[in-house]
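Participant: When we follow the working numbering, the leftmost residue of the sequence shown carries the number 1, and every step to the right adds one.
Derived from the structure by calculation, the hints contain no laboratory data.
Model, not experiment: these values are computed from the prediction.
The reader is advised that the hints may include incorrect statements.
[What the hints assert, rightly or not] Think about it this way: if two alpha-carbon atoms lie no more than 20 Å apart in a straight line, the pair counts; the simulated PhoX-like pairs of lysine-lysine are:
| # | residue 1 | residue 2 |
| --- | --- | --- |
| 1 | 148 | 173 |
| 2 | 296 | 218 |
| 3 | 296 | 222 |
| 4 | 307 | 280 |
| 5 | 310 | 280 |
| 6 | 214 | 310 |
| 7 | 310 | 279 |
| 8 | 307 | 361 |
| 9 | 222 | 346 |
| 10 | 144 | 414 |
| 11 | 249 | 222 |
| 12 | 173 | 296 |
| 13 | 361 | 345 |
| 14 | 62 | 148 |
| 15 | 451 | 463 |
| 16 | 346 | 361 |
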Amino acid sequence: MERDLIEQATLLNTREEYVAWEQRCDEFIESLEEQSRIERPRLSTSNRQSMIACIARLESLKDSVRGRFVHVGAGYGLRWREIETAFESRILTSAVINSNYIEPRRFFEDESEIVLERVQCILQRYDSLKINTVFNGEYVANDKRANKSITTRNYELYQYTHLRDWYMSRVVKPILASLEEFQERDSGWALSRILNLTVNANKLNPLRAGCHIKLPRKIMLKRAVINVRSTDNACFTWSVVAALHPAQKYVDRESSYPHYSLVLNLQAIQFPITLHQIKKFETLNDISINVYAIEKGIVPIRLADRKRNKHVNLLYVEDDSAGHFTLINDLSRLVRSHITRNKNKKYFCDRCLHYFNSSAKLETHSEDCEKLNDCAIRLSATHMYQHHNVFSIGYYVHCFYDSSLSGYRFRRDKDCIAWFAEELKNLAHSVQSIISANIPMTDFTRDDWEKFNSASHCHACEKPFTPDDAQVHDHCHLTG
Numbered sequence: 001m002e003r004d005l006i007e008q009a010t011l012l013n014t015r016e017e018y019v020a021w022e023q024r025c026d027e028f029i030e031s032l033e034e035q036s037r038i039e040r041p042r043l044s045t046s047n048r049q050s051m052i053a054c055i056a057r058l059e060s061l062k063d064s065v066r067g068r069f070v071h072v073g074a075g076y077g078l079r080w081r082e083i084e085t086a087f088e089s090r091i092l093t094s095a096v097i098n099s100n101y102i103e104p105r106r107f108f109e110d111e112s113e114i115v116l117e118r119v120q121c122i123l124q125r126y127d128s129l130k131i132n133t134v135f136n137g138e139y140v141a142n143d144k145r146a147n148k149s150i151t152t153r154n155y156e157l158y159q160y161t162h163l164r165d166w167y168m169s170r171v172v173k174p175i176l177a178s179l180e181e182f183q184e185r186d187s188g189w190a191l192s193r194i195l196n197l198t199v200n201a202n203k204l205n206p207l208r209a210g211c212h213i214k215l216p217r218k219i220m221l222k223r224a225v226i227n228v229r230s231t232d233n234a235c236f237t238w239s240v241v242a243a244l245h246p247a248q249k250y251v252d253r254e255s256s257y258p259h260y261s262l263v264l265n266l267q268a269i270q271f272p273i274t275l276h277q278i279k280k281f282e283t284l285n286d287i288s289i290n291v292y293a294i295e296k297g298i299v300p301i302r303l304a305d306r307k308r309n310k311h312v313n314l315l316y317v318e319d320d321s322a323g324h325f326t327l328i329n330d331l332s333r334l335v336r337s338h339i340t341r342n343k344n345k346k347y348f349c350d351r352c353l354h355y356f357n358s359s360a361k362l363e364t365h366s367e368d369c370e371k372l373n374d375c376a377i378r379l380s381a382t383h384m385y386q387h388h389n390v391f392s393i394g395y396y397v398h399c400f401y402d403s404s405l406s407g408y409r410f411r412r413d414k415d416c417i418a419w420f421a422e423e424l425k426n427l428a429h430s431v432q433s434i435i436s437a438n439i440p441m442t443d444f445t446r447d448d449w450e451k452f453n454s455a456s457h458c459h460a461c462e463k464p465f466t467p468d469d470a471q472v473h474d475h476c477h478l479t480g
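Please put together the full structure from these sequences, using the hints given.
Facilitator: This is how it looks when you write it as structure tokens:
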């Protein structure tokens, strides 16, 4: 049905046809919403996600088609649309529908106020949320078209969370980075149209934010992380205690360690402890703490301002409904395979994750690294794993005296570089023939001589003459 509506949209010629098409579109959207709200029999998560994406795409299509038949006025380009679903723990699913925006950065910049205002309203009703976003776009490669999505990770929001920082660091930057990586990875595909940004807000049960989570098998096999099985929501403090008071055996049992309330200062600390409270915890206990997460590899998501005598590295892991802290007891073993294939002993910097062949070189590096680096987002690699082919190129020529000579040209295919080189060669010959042409000046009339003798500024570049300038009929406007 969606495909039929898309094809019909291209064939609309009259306002009456548009009104009938929009009614069919609304009926189909309503039927999708009814299906997504059904609780018995329960639809799979992927089916419901697919319905939500379809609704958002059709809303984008409606706005695009509406502009051809209805005058919508200036400033019309973004619209907030709430979508009803039956997801468990789902508070809200909405989409910012795009009509006019082409450039992703401008889209994110202008839609930010809409998203932040709505999220702020939700936070006023709920003390905490777990939220993620989905960027939907239409891509083209030669004569092929496809809709593709970029999903951001779930992030916990609280009343004290700085929402603009969340939006820039957890929504905009990851999506822009993914757009760049996608076009490099799948050469030939280019973003043709921004459809929408979907926002999913879920309830967050803070009592579960510290529960035990089983580590991924590939992490467990490295034997570099201690995952203490706690019966409360204090996984953060149990992990710190495991670092300060190492156990000889049964390292995953809380009974192997002194209780955290006896060895740590937890004054004014609320449980479960979040990333935002770590700075206060460090000050109370004179401990520095780095926190890492599992993305494509192991990456730091929180670094201490300075390394203290007592220092702890933690690994933060998530499932669909909870976050959990574990202790990294061997950082080198944990990150080695993600960074280098060299089997010799390496000394890793726990801020930027660069490695050295000796502890002395690491110490020298650490002094500067602590001053310069906040977080290392991309891990280094010494081996080539992909080849980037260029499939799209364009250029614009601007002529300041004859607009008919100005123009934009582009090409999308595997031979675009050769085409571009030939275009530049032809352009150079064309420009050379223009600037090399010596056309005799016409004889001055009496009026021309009067204007020439009384002129105080150049008629072309409009620069003033000085008393020392020699009078000439014309001059080079590049060299003077």
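Participant: Holds or violated: residue 249 with residue 222, Cα cutoff 20 Å?
Facilitator: With Cα atoms ~18 Å apart, residue 249 and residue 222 stay inside 20 Å; holds.
Participant: With the threshold set at 20 Å, check whether the alpha-carbon distance from residue 310 to residue 279 stays at or below it.
Facilitator: holds, 14 Å
Participant: If you draw a straight line from the CA of residue 307 to the CA of residue 361, is it 20 Å or shorter?
Facilitator: Given pair residue 307, residue 361 holds - Cα atoms ~17 Å apart, limit 20 Å.
Participant: Next pair to validate is residue 62 with residue 148; report whether the Cα-Cα distance is within 20 Å.
Facilitator: With Cα atoms ~19 Å apart, residue 62 and residue 148 stay inside 20 Å; holds.
Participant: Below or equal to 20 Å on CA atoms is what counts here, so check residue 451 against residue 463.
Facilitator: Between residue 451 and residue 463 the Cα gap is close to 16 Å, so the pair holds against 20 Å.
Participant: Does the alpha-carbon distance linking residue 148 and residue 173 stay inside the 20 Å limit?
Facilitator: Within the cut-off at roughly 18 Å; holds.
Participant: Would you check the hint for residue 361 and residue 345, treating anything up to 20 Å between C-alpha atoms as holding?
Facilitator: holds, 13 Å
Participant: For the pair supplied as a hint, residue 296 and residue 222, is the alpha-carbon distance within the 20 Å limit?
Facilitator: Given pair residue 296, residue 222 holds - Cα atoms ~16 Å apart, limit 20 Å.
Participant: Under the criterion that the straight-line Cα-Cα distance not exceed 20 Å, is the pair residue 222, residue 346 satisfied?
Facilitator: holds, 16 Å
Participant: Holds or violated: residue 214 and residue 310, Cα atoms, limit 20 Å.
Facilitator: violated, 27 Å
Participant: Would the hint linking residue 144 and residue 414 be met if the CA-CA limit is 20 Å?
Facilitator: holds, 15 Å
Participant: Taking only the CA atoms, is the gap from residue 346 to residue 361 under or equal to 20 Å?
Facilitator: holds, 11 Å
Of the numbered hints stated above, the single one contradicted by the structure is hint 6.
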